[in-house]
Each structure stands twice: as structure tokens, then as C-alpha cells.
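Chains as they are written, first to last, in my numbering: chain A, 182 to 552; chain B, 182 to 552.
In short, the hints are calculated from the structure, not lab data. Hints are supplied without guarantee of correctness; some may be wrong.
Treat identical chains as interchangeable: a pair holds within one or across any two.
[Claimed, not checked] Heads up, simulated EDC-like pairs for lysine to aspartate or glutamate below, C-alpha to C-alpha not over 20 Å straight-line: (1) K480 x D350; (2) K349 x E488; (3) K264 x D478; (4) K464 x D478.
Number of protein chains: 2
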Amino acid sequence: MYRAEFEAAEKVFSSRFVSTVSGSLPTQSKAIVYSKHGPPEQVLSVKHIPLGPLGPNKVLVKILAASVNPADINVIQGTYPVKTSFVNGIDFVGGNEGVGQVIAAGENVHTVSPGDWVLPITRAIGSWQTYAIAECNDLLNLGQVEGVSHVSAATISVNPPTAYRMIKDFAQLQPGDVIIQNSANSGVGQAVIQLAHAWGFKTVNVVRNRPNLEVLIKQLKDLGADMVVTEEQLRTPEIMRQIAALGPAPKLGLNGVGGKSATNVARLLGRHAHFVTYGGMSKEPVALPTSLFIFKDIKCFGFWLNEWFELHPFSQRKQLFTELLDLVRQGKLKEPTHELFSLSTKTDAELTSAIGASLSGFLNGKLVLVP
Amino acid sequence: MYRAEFEAAEKVFSSRFVSTVSGSLPTQSKAIVYSKHGPPEQVLSVKHIPLGPLGPNKVLVKILAASVNPADINVIQGTYPVKTSFVNGIDFVGGNEGVGQVIAAGENVHTVSPGDWVLPITRAIGSWQTYAIAECNDLLNLGQVEGVSHVSAATISVNPPTAYRMIKDFAQLQPGDVIIQNSANSGVGQAVIQLAHAWGFKTVNVVRNRPNLEVLIKQLKDLGADMVVTEEQLRTPEIMRQIAALGPAPKLGLNGVGGKSATNVARLLGRHAHFVTYGGMSKEPVALPTSLFIFKDIKCFGFWLNEWFELHPFSQRKQLFTELLDLVRQGKLKEPTHELFSLSTKTDAELTSAIGASLSGFLNGKLVLVP
Chain A
182 MYRAEFEAAE
192 KVFSSRFVST
202 VSGSLPTQSK
212 AIVYSKHGPP
222 EQVLSVKHIP
232 LGPLGPNKVL
242 VKILAASVNP
252 ADINVIQGTY
262 PVKTSFVNGI
272 DFVGGNEGVG
282 QVIAAGENVH
292 TVSPGDWVLP
302 ITRAIGSWQT
312 YAIAECNDLL
322 NLGQVEGVSH
332 VSAATISVNP
342 PTAYRMIKDF
352 AQLQPGDVII
362 QNSANSGVGQ
372 AVIQLAHAWG
382 FKTVNVVRNR
392 PNLEVLIKQL
402 KDLGADMVVT
412 EEQLRTPEIM
422 RQIAALGPAP
432 KLGLNGVGGK
442 SATNVARLLG
452 RHAHFVTYGG
462 MSKEPVALPT
472 SLFIFKDIKC
482 FGFWLNEWFE
492 LHPFSQRKQL
502 FTELLDLVRQ
512 GKLKEPTHEL
522 FSLSTKTDAE
532 LTSAIGASLS
542 GFLNGKLVLV
552 P
Chain B
182 MYRAEFEAAE
192 KVFSSRFVST
202 VSGSLPTQSK
212 AIVYSKHGPP
222 EQVLSVKHIP
232 LGPLGPNKVL
242 VKILAASVNP
252 ADINVIQGTY
262 PVKTSFVNGI
272 DFVGGNEGVG
282 QVIAAGENVH
292 TVSPGDWVLP
302 ITRAIGSWQT
312 YAIAECNDLL
322 NLGQVEGVSH
332 VSAATISVNP
342 PTAYRMIKDF
352 AQLQPGDVII
362 QNSANSGVGQ
372 AVIQLAHAWG
382 FKTVNVVRNR
392 PNLEVLIKQL
402 KDLGADMVVT
412 EEQLRTPEIM
422 RQIAALGPAP
432 KLGLNGVGGK
442 SATNVARLLG
452 RHAHFVTYGG
462 MSKEPVALPT
472 SLFIFKDIKC
482 FGFWLNEWFE
492 LHPFSQRKQL
502 FTELLDLVRQ
512 GKLKEPTHEL
522 FSLSTKTDAE
532 LTSAIGASLS
542 GFLNGKLVLV
552 P
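Using the sequences and the hints given, assemble the complete structure.
Here it is as C-alpha cells:
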């Protein structure tokens with residue numbers, strides 16, 4: 182069986198492989214892998230793994246860039262609700278987000294062609310590697326993409342759609358309405374600022390105090406933030422006055438932190454506002470005074486992109502990415518601040534420790550792995 | 182002006198007063214009053230207050246029975262969001278709920294007649310007194326009521342409608358579905374048990390441990406409770422197994438307590454469940470783990486009956502009470518466990534201290550004042 186598949190793959194390779202690849206196709210991938218749950222620094226390692234055969238519905242993809250998201254870390258730690266089903270001796274490749282270019286396509290593949298850019302949007306393909314073989318049905322075909330950087334495409338599948346759906350699907354916002362969010366410099370936070378700005382909504386953005394605060398404030402304001410305040414400033418009369426001057430009391434609150442930060446954001450919401458939790462970086466519960474529920478009618482929800490993907494047809498998912506890529510091309514949705522880490526030039530220890538440290542939230546932006 | 186109104190009232194009295202009243206009409210009311218915010222024991226007093234004239238749209242009501250609810254105490258304490266606007270030297274009568282019988286009606290009153298039972302449902306008339314003069318438009322006319330006790334009618338305006346709307350307006354429940362609630366022996370809790378039972382839903386009822394626990398368990402099971410458990414038992418494997426055996430995981434959680442109790446109830450909810458907060462007896466915030474929002478899609482709301490009344494037309498409010506009274510007549514919604522306190526036989530100190538103590542939640546049921 183293995184042999185037959187391999188021969189079929191070889192046949193496909195010889196007939197269809199793409200001009201961008203010169204000479205023979207790759208037979209292995211350099212990958213960041215784990216075979217048990219634990220702290221990333223301890224369980225991650227860098228390995229060359231064989232690529233296996235290209236079955237009839239499979240696609241060989243060169244990974245152009247791949248992001249490191251908090252959820253990826255939680256998956257490796259084993260704290261994510263979707264668990265990795267380990268099989269003894271099998272390495273799992275980390276990473277759920279990234280952009281690849283099709284190098285070769287199996288016999289029955291009609292949805293993508295060599296040269297196309299693709300995003301994994303139904304199942305993780307292990308994006309932290311140089312090449313991957315994927316089921317064609319797990320990929321969204323972006324076609325021959327122009328005007329979009331590798332980093333933009335590699336970071337568009339998780340944070341921007343999360344921001345998009347949270348802004349659109351809960352409160353019924355009108356232009357001029359105000360959104361308040363914590364974790365405003367996170368990947369989601371930056372996308373919220375830009376999408377809200379593009380759609381005519383204002384944003385109050387809460388960040389943690391830090392040495393280079395002024396630099397961060399400028400970055401976020403350049404993205405379209407109306408106000409940037411620290412957690413400590415949030416409850417001061419002056420800031421509350423400034424928020425009141427922005428427009429009607431915030432109708433939508435977005436929470437990626439939990440704990441006291443979530444409480445303080447929720448207290449500034451207007452009557453009947455929606456409060457959506459998508460992350461809990463503080464690891465503390467979302468604590469809301471009873472009066473906010475009863476007398477201010479604050480409605481609290483969670484958002485999980487995996488679930489949105491599961492509940493919506495492929496056509497809607499595709500439409501979402503099409504809109505987001507259009508915003509990228511129009512310059513309205515910029516690459517997140519990021520740090521590139523090359524799989525070929527960084528040492529193995531540098532790669533795994535950078536991934537382990539990415540949850541601290543004080544990096545110079547999102548970690549993006551490139552070949 | 183006062184004189185003219187008074188004369189008009191006297192004329193009405195003589196022509197229309199009802200057969201149940203023999204001789205002259207009352208000119209004063211014995212009332213439990215306050216003239217500033219503070220602890221009920223300190224700011225409440227018992228006074229005989231003049232009834233004033235019966236204007237053309239006014240109704241003279243004899244209070245048959247009046248309840249003491251937690252919100253009444255919060256109003257007196259000054260912690261309720263709707264504040265009493267004190268005028269120097271003016272006494273405000275406590276109480277928002279009760280049933281009265283019309284003794285006499287002013288000239289332009291066409292919606293009620295002497296002998297009718299009435300409920301105050303748009304504005305508090307001060308139910309903790311023996312007589313009251315009210316605007317006819319603030320009253321819901323129950324007509325000549327049969328098959329309903331004074332206590333049932335006096336306690337039907339606040340707790341049963343709160344239970345009714347929370348069960349009907351959030352989760353889309355099907356017969357056999359499970360509701361879990363804390364504060365299950367409160368007025369709302371008892372109404373939830375009975376309405377859920379009448380409509381074919383099952384209930385898991387959480388109460389605080391107490392010396393006479395078995396008596397309470399029997400009381401609640403007699404009302405239709407499927408399970409009654411203490412806060413301490415709630416997270417034990419045996420109770421979780423029993424809840425799982427009841428049916429699908431609870432689709433609706435009702436919270437009148439907050440704090441740890443709310444957290445523990447919410448943890449037992451099924452995916453996509455609704456969690457509705459209507460009270461916060463613990464005075465602690467509602468603290469929910471981030472994962473419940475994101476991965477279990479628990480949706481959290483508050484419920485405030487005042488707001489429901491404001492947002493819905495009189496016809497819908499009337500329909501709600503009609504349905505509830507029908508359930509009373511059918512024996513499906515019983516009087517809450519209660520303790521009667523007579524305004525004529527109890528001492529003033531007994532009355533005010535009983536009201537002050539009513540928030541403790543360990544009374545022998547709801548306090549009901551009668552003439």
C-alpha cells in the first residue's frame with residue numbers, strides 16, 4: 182500500500198511539479214516537533230522528518246511563513262481542550278497557522294495548482310516546518326496572490342478572523358460606536374484596532390504598563406487606535422471622562438486577559454453592552470459584579486474561532502478570508518508587529534526557547550517562522 | 182386644591198363605596214416608613230399616616246397582604262439602583278409587592294371597581310401598610326378573585342414572574358431538559374421548581390447546608406424538585422453522576438448568589454448553555470473560568486424584572502399574571518413558605534427587626550405582612 186502510494190506520488194511529481202522548484206522534490210522537512218505534552222522548552226525539538234508519499238488527494242506545500250500563537254503553546258502544554266492523540270514514537274509538528282505554496286499536487290486534486298498560495302483552515306497541518314503534505318480539502322486556495330506579504334498571509338487565519346467575528350457577530354454597532362478591549366497590542370488586539378477603524382468604529386485600547394510605553398502607544402495609534410491607556414489609568418476620572426467624550430458608552434467589550442483587567446473593562450461598558458471573552462492571559466477567571474448583569478444588562482459571551490469554523494460552511498469561511506485579504510491589499514490591515522525566526526539560520530535551542538517565551542506577551546511582536 | 186380634591190373624594194366615597202366596608206372610610210393608614218437610607222432596623226419606624234384625598238383617577242385600596250423581598254431591603258439601604266428621592270420630613274412607605282382590595286374609586290376610574298383585587302405593577306405604592314391611595318393606572322385589576330389565597334396573590338408580582346421569564350426567555354428548553362439553580366429555597370427558587378415541573382423541565386436545586394436540611398429537601402421535592410443538593414455536595418463525583426443521569430447536561434443555570442456558588446453551578450452547565458444572574462446574596466462577583474466562555478460557549482445574562490416591565494406593553498404584563506394566577510388555581514404554583522406578621526398584633530420593634538433580618542436567608546420562608 183505504502184509502496185503503491187509512493188509510486189503514484191512519484192508519477193504525479195514527474196508530470197506536474199512546478200516551475201519554482203528546480204530539480205528533485207524535497208523528501209524531508211525540517212520541523213519543530215513534540216511527542217508528549219509539557220513546557221515547550223522541554224518537549225519541543227527540531228528534527229528532519231520524512232515527507233511520506235503524495236497520495237491522490239494530497240498536496241505538497243512549501244511553508245513560506247508560519248506564526249506562533251498562544252493557542253499553539255497551550256496545545257503543546259496539553260492545556261488546550263483539543264488534545265493531541267500521541268502514538269508512541271510519532272512526532273507531531275507544532276503550529277496551526279501559516280501560508281504555504283503548492284509545489285506538487287496528487288492525482289485527484291482539482292482545487293489547487295502548483296504555485297498557488299494555500300492556508301490550512303479545516304485542520305492543523307503542522308505549520309512549523311519547511312514542507313508539509315496536506316489533504317487538499319483542508320486547504321483554502323488563495324490562488325496566485327499579489328500585494329500580500331508572506332507575514333500577512335501567514336498571520337491571517339487566526340487573529341484577524343477572531344477580531345472580525347467578534348466585532349460583527351455580537352453587538353449591532355453603528356459607525357461612531359465605541360469598542361473597548363484589553364490585550365490591545367496582541368495579534369487579535371491589533372486586528373481589532375484596524376478592522377474597527379476601517380469600519381468606522383472607535384476603540385479604547387488597554388495595555389499593560391511597560392518601559393517603552395510611548396513607542397507602543399504610537400504603534401497602536403498609527404494602526405487607528407482612538408485611545409491607548411494602561412490598566413492602571415483605566416479607572417481614573419480623567420480617562421473615564423475621555424472615554425465618555427469619545428461617543429456613546431462602549432457597546433462592545435473584548436477580553437483576552439480575564440481577572441481584574443476584565444472587570445475594569447466591563448465596568449466601563451454602557452447599558453445592554455456585549456462583553457466577549459476570547460482569551461485569558463492572566464489565567465484568572467472573568468469576575469463581574471452582579472449589578473453589571475442585573476442592572477446594566479451586560480451580556481457575556483465567549484468566542485472560539487475553531488467553533489465558528491465548525492459551524493459555518495466552507496463558502497462563508499472563504500468569504501471571510503477574501504474580505505480580510507482585500508483589506509490587506511487596501512493597506513487597512515497591516516502585518517502584525519513581528520519577529521522573524523529562520524528555521525535554517527537559528528539554532529535549534531534558539532527556536533525552541535523563543536517559542537517557549539512567546540506566551541510572556543512582552544516580545545517585540547508575534548513570532549513568525551520562515552524557511 | 183387639596184380641599185376641592187378632598188370634597189370630590191368624599192362625594193365618590195358616599196356614592197360608590199363597597200359593601201365590604203361598613204361605616205366610614207379609613208382616614209389613615211398604619212405604615213412601616215423610612216425617611217432616609219440606612220440599615221432597616223435603624224431607619225424603619227411604624228407610623229399612622231393620613232391617607233389624603235381620593236383624586237379623580239385614584240383608588241383607595243385595603244392591603245390584604247404584602248411581602249418583604251430582598252430588593253425592598255436594598256431600596257431602604259440605598260444600595261438599589263433605583264433610589265428613593267427623599268424630601269425633608271416626608272415618610273416613604275416600604276414595600277413594592279402586595280395585593281389590595283379596592284374600597285373606593287375616584288371619579289374617572291373605569292378600570293377597577295370596589296371589591297376587585299389589585300396588584301401594583303407599574304410603580305411601588307408602598308405595600309407595607311394597611312391602606313393606600315394609588316393611581317388606577319399603576320394597578321393591575323385581578324377582578325373578583327377566587328381560588329387564590331391572600332399570600333399567593335401578595336407574592337405573585339416579583340418572584341414568580343422572575344422565574345417565569347428566566348425559564349422562558351433565554352435557553353430554548355424542551356421537555357426533559359435540565360435547569361440548575363442555586364438559592365433554590367428562595368422565593369424565586371421555589372417558583373422556578375414549580376414552573377419548571379409544570380412545564381416538563383427537570384431541576385437540580387442547590388441550597389446551603391443547615392441543621393434542618395432534610396425538612397427543606399422534602400419541602401422542595403414536594404414542590405417538584407428532581408434533585409436537591411448542598412453547595413458542598415455539588416462538586417462531588419456522586420452528585421455529578423446523578424446530574425448526568427437526569428438527562429442532557431443542564432441547558433440553563435440560574436444564579437441568585439454569585440461568588441463560588443455561581444462558579445460551581447456554571448461548571449455543571451452543558452455546552453452552549455445559558456447562565457442567568459438575578460441576584461447576588463453572597464455580595465461576591467460572578468467569577469467564571471475563561472474556558473467556560475471560550476470552549477463551552479456559556480452565555481451569561483442578567484435578569485431584572487423592573488426592566489422587563491418597562492420594555493413590554495401592559496397587555497403582555499397582564500397576560501403573564503393571568504397565566505401565573507391560572508397556575509395558582511390549578512395548584513401548580515403554591516404559596517411560598519412564609520411567616521405572617523400582623524401589623525395590628527406585632528409590636529413595632531418586632532415588625533422592623535423582622536424586616537431587617539429577612540435578608541439572612543435562613544428565615545422560615547418569606548415574610549408576609551397582613552393587617
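Here is what the structure says about each hint:
Taking the closest pair of Cα atoms, K480 and D350 come within 20 Å of each other both inside a single copy (13 Å) and across two copies (14 Å). Taking the shortest Cα distances, K349 and E488 sit within 20 Å of each other inside one copy (16 Å), while across copies they are farther apart (26 Å). Taking the shortest Cα distances, K264 and D478 sit within 20 Å of each other only across copies (18 Å), while inside one copy they are farther apart (36 Å). In this assembly of identical chains, K464 and D478 lie within 20 Å of each other by CA distance solely across copies; the values are 18 Å between and 26 Å within a copy.
The structure meets every hint from the earlier list without exception.
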